[in-house]
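A.B. asks: So the numbering used here is basically just the index in the sequence shown, starting at one, shifted up by 12.
Hints may contain errors.
[What the hints assert, rightly or not] Straight-line C-alpha distance at most 25 Å; calculated SDA-like pairs for lysine to any residue:
1. K292 with A125
2. K218 with E274
3. K292 with E115
4. K205 with K182
5. K277 with V195
6. K222 with P289
7. K277 with T241
8. K325 with E313
9. K182 with V330
10. K202 with A253
11. K205 with A125
12. K205 with K325
13. K182 with A312
14. K172 with P186
15. K223 with P289
16. K325 with P110
17. K218 with R294
18. K160 with L134
19. K223 with C80
20. K205 with V330
21. K160 with E115
22. K86 with Q44
23. K160 with I183
24. K202 with E212
25. K223 with R36
Read the hints as simulated data drawn from the structure, not as lab findings.
The structure presented is a predicted model; accordingly, all values stated were derived computationally and were not measured.
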Amino acid sequence: MARYLTGIQPSGTLHIGNYFGALRPAIELQDQGDAFYFIADYHALTSLQNPEELRRNVLGVALDFLACGLDPAKVCFFRQSDIPFVTELAWILSTVTPMGLLERAHSYKDKIARGLAATHGLFAYPVLMAADILLYESDMVPVGQDQKQHLEITRDVAAKFNEIYGQVLKIPEPRIREEVATVVGLDGQKMSKSYGNTIEIFAPEKVLRKKVMGIVTDSTPVETPKDPTNSIILQLYRLFASPEEVEAMTQSFRVGGTGYGEYKKQLFEVLWNAFEPMRKKRAELESDLNYVESVLRRGAERALATAQQTMAKVRSAVGLQNFPS
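Kindly generate the complete structure, drawing on both the sequences and the hints.
C.D. replies: See the structure below:
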């Protein structure tokens, strides 16, 4: 079976953009191979430096994944920081990573442009990501277009290491999710925590309703036909409603006679109902956090066994003393 690897940063509360971009594809993939999924808390330190918030977010990601359908019997699910070998491998890889490779990384430039501090951690982010992937001998790494370059860097770094030290590291193949559409946010931009335009998956009812009712619309009067082409309401509605329901709303836009407020109420209802089973599951999990912790602990034990095998080969290849057996 092919081994798949996916990580998600606990940098904030997960929203529906995360659900369609990461959670749902990962959960669908758990039946197709040997899945290793981790909560990337080391990576989160590049943008989040509040320890209590980080711990809270890590737990939140674990709860969200499990509530949305991740099966611990099928998936190796763990915290990145529970396997410190990943930081050792990142250092070893950094000794063969060309500076030019990192200087060309689009993500670093984008994050600096958005106001993040230009730290070494942010600059070297692709090396730690390479260590994440290579440590667990991943065959396939599902990524969106925005992460494609990071995976290419991983492949280049692994090839450089193998050129120097022999065929030690397995070079992964990308699995580009071309079909993943950008989920629009409340203001019409891509949904992102950075833009403050998100709809959280498990927001309380009043909070969710207020967010949906706050979606940006134009000033077209109630009685006037409306253009459905670029409507934020319709773009979000399409993610949750049936084709028949989407068509009905589209035709209603064109006919006129209904205000945006009514359409927002319809969007709220379909969104709230879509996550109802997952909300119930999440509430059950919150009442048994020992179980959640045991899932992460068991996942870490399995991940550690794989990591130790990889690091034994890497240490031997570069000339470092291996750990006593």
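A.B. asks: Now look at each hint and say whether the structure bears it out.
C.D. replies: Outcome of the hint check:
1. K292 with A125: violated, 40 Å
2. K218 with E274: holds, 17 Å
3. K292 with E115: violated, 46 Å
4. K205 with K182: Distance of about 34 Å is beyond 25 Å: violated.
5. K277 with V195: holds, 19 Å
6. K222 with P289: OK: K222 and P289 at ~21 Å, within 25 Å.
7. K277 with T241: holds, 19 Å
8. K325 with E313: holds, 19 Å
9. K182 with V330: holds, 16 Å
10. K202 with A253: holds, 20 Å
11. K205 with A125: Given that 25 Å is the threshold and the Cα spacing comes to 15 Å, the pair holds.
12. K205 with K325: Violated: K205 and K325 sit about 39 Å apart, past 25 Å.
13. K182 with A312: Holds, at roughly 21 Å.
14. K172 with P186: Holds: K172 and P186 sit about 18 Å apart, inside 25 Å.
15. K223 with P289: holds, 21 Å
16. K325 with P110: holds, 22 Å
17. K218 with R294: OK: K218 and R294 at ~18 Å, within 25 Å.
18. K160 with L134: Status holds; Cα separation ~17 Å.
19. K223 with C80: It holds: about 22 Å lies between the C-alpha atoms, which stays within 25 Å.
20. K205 with V330: Violated: K205 and V330 sit about 41 Å apart, past 25 Å.
21. K160 with E115: Cα-Cα ~16 Å, so holds.
22. K86 with Q44: holds, 10 Å
23. K160 with I183: Roughly 15 Å separates the two Cα atoms, so the pair holds.
24. K202 with E212: holds, 14 Å
25. K223 with R36: holds, 22 Å
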